[in-house]
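A.B. asks: Start from the sequences, fold in the hints, and give me the full structure.
First to last, the protein sequences are chains D and L. Its first residue numbered 1, the first sequence is counted upward by one per residue in the numbering used here. Its first residue numbered 111, the second sequence is counted upward by one per residue in the numbering used here.
Warning: the hint list may mix true and false statements.
Claimed, not checked - Simulated restraints on C-beta separations: (1) D:82 to L:221: 19 to 27 angstroms; (2) D:2 to L:216: 21 to 29 angstroms; (3) D:9 to L:175: 28 to 36 angstroms; (4) L:167 to D:80: 38 to 46 angstroms.
Hints listed in this document are in silico derivations from the structure and should not be mistaken for laboratory results. Just so we're clear, the structure is a prediction, and the values are computed from it rather than from any experiment. Virtual Cβ for every residue (Gly too), placed ideally from N, Cα, C.
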Amino acid sequence: EDKVVQSPLSLVVHEGDTVTLNCSYEVTNFRSLLWYKQEKKAPTFLFMLTSSGIEKKSGRLSSILDKKELFSILNITATQTGDSAVYLCAVVWGNEKLTFGTGTRLTIIP
Amino acid sequence: NAGVTQTPKFRVLKTGQSMTLLCAQDMNHEYMYWYRQDPGMGLRLIHYSVGEGTTAKGEVPDGYNVSRLKKQNFLLGLESAAPSQTSVYFCASIPGRRTPGQGPYEQYFGPGTRLTVT
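C.D. replies: Encoded structure:
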């Protein structure tokens, strides 16, 4: 069965800490992996990864994909209270089908 | 551009009632998706469409029907609502089939519809 698993389910850290969020997947005909940030409303796009080993960066956020081991990580350095959100991983497979993980709820304590 | 819009934003139904959720996008996107989001379950794909006149089942299609008669609209129907269908429903769209190296795959989400079935 196709699945996307994220860990941890929730994480509480202090402002300034660095966090690593994990996403592993088992799908057929993998095409790409996406990370989203969801606050109170709809998810907003962060990264798309299609190739192994190429790190994507955007400010304090970075992500990398390992297609051999079937996982991705999302790193956030020097966390801020505005980083508090649910982070969703999703995998594009088959004919543009998109399957989401359950998400990691990140809480940053001031 | 309004992007992706959903109507209604909120709805309360009684068990057995029917309703239709409307998703509209003005970006000429080919692919459209309906998801439901429940606590601890993430976003689960209900149905999706890769073009006008086509639909396909996602992970949790039972109890729902969809139609894509016009490219810009994707309708989600509940024929006989059940309490298990209480959820937040999100619609999303993307331009079309991506080829390697073809820019970011940004899926545009609507604001969501909160549905409660009593």
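A.B. asks: Is 28 to 36 angstroms right for how far apart the beta carbons of residue 9 of chain D and residue 175 of chain L are?
C.D. replies: 33 angstroms, holds
A.B. asks: Between the beta carbons of residue 2 of chain D and residue 216 of chain L, is the distance compatible with 21 to 29 angstroms?
C.D. replies: 22 angstroms, holds
A.B. asks: Measuring from beta carbon to beta carbon, are residue 82 of chain D and residue 221 of chain L in 19 to 27 angstroms?
C.D. replies: With Cβ atoms ~20 angstroms apart, the hint holds.
A.B. asks: Is 38 to 46 angstroms right for how far apart the beta carbons of residue 167 of chain L and residue 80 of chain D are?
C.D. replies: 41 angstroms, holds
When each numbered hint is compared with the structure, no violation occurs for any of them.
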